[in-house]
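K.L.:
What follows is the residue order along each chain.
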Amino acid sequence: MLKDKENNGVIYFDNAATSFPKPQCVTNAVVHYITQIGANPGRSGHKMAIEAGQIVYKTRKSIATLFKLKNPMHVIFTSNATEALNTAIKGVLKKGDHAVTSDMEHNSTIRPLHEMEKEGTISLSMIQADKIGILNPEKIRKAVTRKTKAVIINHASNVIGCIQPIKKIGKICKENGVIFIVDCAQSVGVVPIDIGRDNIDILAFAGHKGLYGPTGTGGMVIADGFDFKKIEPLKYGGTGSFSDKIEQPDFLPDRFESGTLNVAGLSGLLAGSEYIQKRKGGIEGILKFKTELQKYFIQQAEMFVPDFICYSASHLPSTDVVAFRINKFPISEIAQILSDKYGIMCRQGLHCSPLAHQTIGTFPEGTLRFGFSIFNKKEEIDFAVQALKSISEGRKK
Amino acid sequence: MKAVILFQSTNHAIWAENELKSHKIACRMISVPRHLSSDCGYCVQIDAENKEKAIDILTTNNIEFEKIENL
Ligand SMILES: Cc1ncc(COP(=O)(O)O)c(C=O)c1O
Numbered sequence: 001m002l003k004d005k006e007n008n009g010v011i012y013f014d015n016a017a018t019s020f021p022k023p024q025c026v027t028n029a030v031v032h033y034i035t036q037i038g039a040n041p042g043r044s045g046h047k048m049a050i051e052a053g054q055i056v057y058k059t060r061k062s063i064a065t066l067f068k069l070k071n072p073m074h075v076i077f078t079s080n081a082t083e084a085l086n087t088a089i090k091g092v093l094k095k096g097d098h099a100v101t102s103d104m105e106h107n108s109t110i111r112p113l114h115e116m117e118k119e120g121t122i123s124l125s126m127i128q129a130d131k132i133g134i135l136n137p138e139k140i141r142k143a144v145t146r147k148t149k150a151v152i153i154n155h156a157s158n159v160i161g162c163i164q165p166i167k168k169i170g171k172i173c174k175e176n177g178v179i180f181i182v183d184c185a186q187s188v189g190v191v192p193i194d195i196g197r198d199n200i201d202i203l204a205f206a207g208h209k210g211l212y213g214p215t216g217t218g219g220m221v222i223a224d225g226f227d228f229k230k231i232e233p234l235k236y237g238g239t240g241s242f243s244d245k246i247e248q249p250d251f252l253p254d255r256f257e258s259g260t261l262n263v264a265g266l267s268g269l270l271a272g273s274e275y276i277q278k279r280k281g282g283i284e285g286i287l288k289f290k291t292e293l294q295k296y297f298i299q300q301a302e303m304f305v306p307d308f309i310c311y312s313a314s315h316l317p318s319t320d321v322v323a324f325r326i327n328k329f330p331i332s333e334i335a336q337i338l339s340d341k342y343g344i345m346c347r348q349g350l351h352c353s354p355l356a357h358q359t360i361g362t363f364p365e366g367t368l369r370f371g372f373s374i375f376n377k378k379e380e381i382d383f384a385v386q387a388l389k390s391i392s393e394g395r396k397k
Numbered sequence: 001m002k003a004v005i006l007f008q009s010t011n012h013a014i015w016a017e018n019e020l021k022s023h024k025i026a027c028r029m030i031s032v033p034r035h036l037s038s039d040c041g042y043c044v045q046i047d048a049e050n051k052e053k054a055i056d057i058l059t060t061n062n063i064e065f066e067k068i069e070n071l
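One line per chain: the protein sequences are X and V, in this order.
This note's numbering puts the first residue of the first sequence at 1, with every later residue one more than the last.
This note's numbering puts the first residue of the second sequence at 1, with every later residue one more than the last.
The hints are simulated quantities; they were obtained by calculation from the structure and are not laboratory data.
A virtual CB, placed ideally from N, CA and C, is assigned to each residue, including glycine.
Incorrect hints may have been included.
Stated by the list, open to error - Heads up, incomplete: computed chain V residues facing chain X, CB under 10 Å, no partners named:
(1) Asn-11
(2) Trp-15
(3) Gly-41
(4) Tyr-42
(5) Cys-43
(6) Asn-62
(7) Ile-63
(8) Ile-68
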């Protein structure tokens, strides 16, 4: 059996949930902050507080560079992509507004929107993707009305990995004066994103997936020219600025960053973000590497694993995510055997996206999901294919 | 003589410090002098002779500041 000692002898294919392992520099940065710096950024004027503030600034700058954003103050840190999406959605939509979204969304988008619709605040149009998960921008154009305030779209599917034509959708939003909010939880660090070129107004990202930061990191990024006063804050509180006033500051990032930041997490996020941006080939190189792994797995599994069914379309623009099943074999059993017998970690079920599974025809059982990272190797995929082959053949006996 | 530049928040102060340093302007973060502001954070101290240059750099980078005062 393939044993990778560095990873505690496991093969980790659950990178779409959160990435593992993290680069050593990420661990070092977190340890350095906790043991050497420690202080609260932006609250006091002493040396340690300023050093903590430097880390936060550098992280903002690194994220701004990643998305080709000019003003680093337009990077708002949150505890995950979910908090960023909630801030954008609940902050932008007001009573009587109409919003457009799709059935490929994660529950972190669907649930706040559904809640606002249920309580009578907004009306909502759901755009259906085709069977392979792709959205037709023209359908979005048709759904936009005079009352439409925002369109919210998931850039890369956490279920099957498909990449949406966000630039085209964003153009339609621009033409109609509609705010375009993009969920980049899965695409950040995997697909090159240029917030201006891609016509994005607000995006949400996770720091703990493709950027290899610790869990508890993420953020909301607001386009350079966007009037951020159109977004109401989700939370109010201490910012270290304007402490003589009881009003929330009305400038960035303070407007949206109440409470002490997760500086330990951001230290790691900075290291992770630099790590992938400095990697040879950059983000384009990462996408190429990851889609090769995705294609390789699908091709090998289709060749060797009896009754293998793949739901990801690797001939279309896609990330590293693969959704699959072994025909009529309960997915929970397969995931259990992979973990217990083979040390292969993956996710099974609905991946917080019931509607996406309805679209691809795998609801309510869901699928198994592999998501690869820059640290995975073809040998690990070979091992997994052999494991799946044994599992599938074993059932037949 | 020294001068201090005050900002709306420490986020902007650090941003300014990084930009000024990258333009080779000597600067230092210090606690905000109480007589200048009620803020809890820090501000950027420079040599007073560099005031014009500093303002130039801040303006071209769209870094808003509250005030600049001689100490
Ligand atoms: C597409 C998508 N959106 C949002 C999220 C939520 O991210 P987080 O767990 O950082 O809140 C995830 C990941 O779980 C995701 O895959």
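K.L.:
None of the hints should be skipped; say for each whether it holds.
P.N.:
Going through the hints against the structure:
{"no.": "1", "hint": "Asn-11", "verdict": "6 Å, holds"}
{"no.": "2", "hint": "Trp-15", "verdict": "6 Å, holds"}
{"no.": "3", "hint": "Gly-41", "verdict": "5 Å, holds"}
{"no.": "4", "hint": "Tyr-42", "verdict": "4 Å, holds"}
{"no.": "5", "hint": "Cys-43", "verdict": "8 Å, holds"}
{"no.": "6", "hint": "Asn-62", "verdict": "7 Å, holds"}
{"no.": "7", "hint": "Ile-63", "verdict": "9 Å, holds"}
{"no.": "8", "hint": "Ile-68", "verdict": "18 Å, violated"}
In this structure, the one hint that does not hold is number 8.
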